[in-house]
Amino acid sequence: MGSAAYQLSGTLDPGVISQRDIISIRNKETRMKNLALYALVALAAAACASNEKKDTPVADRSSGVQQQQSGMSSSTTQQQKPMNPVAGNPLNDPNSPLSKRSVYFDFDSNAVKDEYRGLVQAHSRYMTTDKRDARIRIEGNCDERGSREYNLALGQRRAEAVKQVMTVLGVGSGRIETTSYGEEKPVASGHDESAWAQNRRADIKYSGE
Amino acid sequence: MNASPAYRARRLLAGAILLASFATGLARAQLTIDITTTGGRQVPIAVMPLAGDTSQPQSVGEVVGADLARTGLFKLVNTAGVTPLPTEPSQVNFADWTTRNAEALVIGKIEPASDGRVEVRFRLFDVAKQSQLASYSYVVAPAQLRATAHRIADVIYERLTGDKGVFSTKITYVVKRGKRYELQVADADGFNAQSVLASNEPIMSPSWSPDGSRLAYVSFDQKKPIVVVQNLAQGTTKVVANYRGNNSAPAWSPDSRYLAVALSKDGLTQVYRIPANGGDAERLTESPGIDTQPAYSPDGQWIAFTSDRGGSPQVYRMPASGGAATRLTFEGSYNVGPRYSPDGKSMAFVQRDGGRYRIAAIELATGQVSVLTDGTLDDSPTYAPNGKMILYEAQVGGRGQLAAVSGDGRVRQRLTSAAGDVQDPAWGPLPTN
Chain E
0 MGSAAYQLSG
10 TLDPGVISQR
20 DIISIRNKET
30 RMKNLALYAL
40 VALAAAACAS
50 NEKKDTPVAD
60 RSSGVQQQQS
70 GMSSSTTQQQ
80 KPMNPVAGNP
90 LNDPNSPLSK
100 RSVYFDFDSN
110 AVKDEYRGLV
120 QAHSRYMTTD
130 KRDARIRIEG
140 NCDERGSREY
150 NLALGQRRAE
160 AVKQVMTVLG
170 VGSGRIETTS
180 YGEEKPVASG
190 HDESAWAQNR
200 RADIKYSGE
Chain C
0 MNASPAYRAR
10 RLLAGAILLA
20 SFATGLARAQ
30 LTIDITTTGG
40 RQVPIAVMPL
50 AGDTSQPQSV
60 GEVVGADLAR
70 TGLFKLVNTA
80 GVTPLPTEPS
90 QVNFADWTTR
100 NAEALVIGKI
110 EPASDGRVEV
120 RFRLFDVAKQ
130 SQLASYSYVV
140 APAQLRATAH
150 RIADVIYERL
160 TGDKGVFSTK
170 ITYVVKRGKR
180 YELQVADADG
190 FNAQSVLASN
200 EPIMSPSWSP
210 DGSRLAYVSF
220 DQKKPIVVVQ
230 NLAQGTTKVV
240 ANYRGNNSAP
250 AWSPDSRYLA
260 VALSKDGLTQ
270 VYRIPANGGD
280 AERLTESPGI
290 DTQPAYSPDG
300 QWIAFTSDRG
310 GSPQVYRMPA
320 SGGAATRLTF
330 EGSYNVGPRY
340 SPDGKSMAFV
350 QRDGGRYRIA
360 AIELATGQVS
370 VLTDGTLDDS
380 PTYAPNGKMI
390 LYEAQVGGRG
400 QLAAVSGDGR
410 VRQRLTSAAG
420 DVQDPAWGPL
430 PTN
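Sequence order for the protein chains is E and C.
In terms of numbering that gives the first Met the number 0, the first sequence is residues 0 to 208.
In terms of numbering that gives the first Met the number 0, the second sequence is residues 0 to 432.
Worth flagging that the hints you see were computed from the coordinates, not collected in a lab.
Treat the hints with care, as some may be off.
Claimed, not checked - Label pairs and their in silico Cβ distance ranges:
no., chain 1, residue 1, chain 2, residue 2, range
1, C, P253, E, D105, 53 to 63 angstroms
2, E, G117, C, K237, 40 to 50 angstroms
3, C, T31, E, G117, 44 to 54 angstroms
4, C, E285, E, D105, 24 to 34 angstroms
5, E, S193, C, G266, 25 to 35 angstroms
6, C, E285, E, Q163, 44 to 54 angstroms
7, C, E330, E, K112, 29 to 39 angstroms
8, E, K112, C, T325, 44 to 54 angstroms
9, C, T431, E, K112, 36 to 46 angstroms
10, C, G309, E, Q163, 37 to 47 angstroms
11, C, Q55, E, S193, 47 to 57 angstroms
12, E, A121, C, S198, 26 to 36 angstroms
Since this is a predicted model, take the numbers as computed values, not measurements.
Don't be surprised by glycine CBs; every beta carbon is placed ideally from N, CA and C.
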């Protein structure tokens, strides 16, 4: 090789700005609604797994969080202890506010809404009075819209927002790790606002769960 | 011409990927690439079947023709009825090809060589000038015929357009089927898809090392994002960033020494760099907001990244060792995920317009922005190493699919896969010679 490129006159013209045929695609972004759904989802999101809590720090790479517990995952039977009813662990007692683990967010927002203050306060109180050695990871999530990596960072900021509230309420910041799944782990797989609303959330996971 | 070092390297890589696939299983689905839009005049080229081609496991002529046609820059001329197949310049009837409106012609032959190998010879002609533009021969194992065809297409493409061909390159992408994630590596034409990693947790943001021997990516195997580097030849993996919080968005420096990454270990996500072989993270950005999606300029001098320090996410650029950042995008409230073109003169990124996310490109010298795609949820642009095409992720019918668009927006391709979501593509480098 090395000789000059073959010139074909008038063939390729990279200087010409393209004339794109912008195909008009339905762009009916449904505005946010179904706020009431949040509450239902929060109830449904009550964690299923019920392992005994370990004191392993979340940041410990060798042990980490051993049990998979992804929001509404359904693998419950092997992990539950029939001899030890859920009442023994308030984190898994459906009647306890501690069983609620998900804080939901508006689009493009990381503001912790008032309706989730009680939930965050309950966990803060638990960590400062009942289980003073508990460690948690707060996992932020986003809906599918936008760029994956930027959503990963947005999810982490949502988790950080929940952490801020908890540290103000007295939980040591070293006991809370904030991470994110971005848009990678939607609990609702649809492509509309009702699905997106369920996916914009931060989940509280206790170490050892 | 002796092309054996390149082929040895490719064989090595192919063997390595095959080896790695024993652990994770052969990928089932293949990508099929179709052109959806072409633009401008296409060069009419006749690619004759190579004499002896029919006795081989892979039709070299067909692969060469398909490679060229897929670029949208060429139109294949009907070659039916030409007998016997010409194999030497003296056998070419240029008047006939002029009648068929061919401007370029490819002929060749495949003959047995020693050790069960075959010799592939091809010649490229300028029909109007009745002159030979190129002539090469390759002695390869029959299993290498497809790779040889790509090599031939590379030579033809470069001769006729002046740009490097990318038919011998690889692409990587993530396939999601249900809760199963696979990181796959395939030829640029979608063939030979191999799974190099499989997991029940998400895999994100694969990034090729400059020499194509390693992939950095984000793994969630530890229930949080960490950055892993995998050696494709050996199948070995090394965790290079596993700090408290998120670890993501790996991007190689052109000299392979560093990975720029996004870490949240000190609060919100910021850009750091780490030695590519592992080591301490060095913070490069200091902003009160989110800084992420770093990308090195091809000359290694700059890092472009996304930051919302100004209130909305925009593309910025800073010196590669950190320092004052300059904002590069101003149109709209959401411009993220920059990727430099190989010549360093442009950047592709994701732009939100209303509720739609599309791939746009900015010319750095002028600041001129052109929107290249028309999807609703386009993401993850990645340049071909010759800069001519941008591969990206699109959402089609609720599924992630890959698509490609030429740098000027004229040529479009859709890469379809039989099953699952295909996302997060990255186009590998030119093979090293």
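Hints and how they fare:
Against the hinted window of 53 to 63 angstroms, the Cβ-Cβ separation of P253(C) and D105(E) comes to about 41 angstroms, which falls outside the hint. With their beta carbons about 44 angstroms apart, G117(E) and K237(C) fall inside the hinted range of 40 to 50 angstroms. Against the hinted window of 44 to 54 angstroms, the Cβ-Cβ separation of T31(C) and G117(E) comes to about 53 angstroms, which satisfies the hint. Against the hinted window of 24 to 34 angstroms, the Cβ-Cβ separation of E285(C) and D105(E) comes to about 29 angstroms, which satisfies the hint.
Between S193(E) and G266(C), the C-beta spacing of about 33 angstroms keeps the proposed range 25 to 35 angstroms intact. At roughly 20 angstroms, the beta-carbon separation of E285(C) and Q163(E) lies outside the given 44 to 54 angstroms, and the hint is violated. Between E330(C) and K112(E) the beta carbons are some 32 angstroms apart, a value that agrees with the proposed interval 29 to 39 angstroms. At about 36 angstroms, the beta-carbon gap between K112(E) and T325(C) misses the expected band of 44 to 54 angstroms.
A C-beta distance of roughly 54 angstroms is found between T431(C) and K112(E), which places it outside the suggested range of 36 to 46 angstroms. A hinted range of 37 to 47 angstroms for the beta carbons of G309(C) and Q163(E) is inconsistent with their spacing of about 22 angstroms. Distance hint check: the CB atoms of Q55(C) and S193(E) are about 55 angstroms apart, consistent with the given range 47 to 57 angstroms. The hint said 26 to 36 angstroms for the Cβ distance between A121(E) and S198(C), and at roughly 34 angstroms that hint holds.
Violated hints, in rising order: 1, 6, 8, 9 and 10; the structure is consistent with all others.
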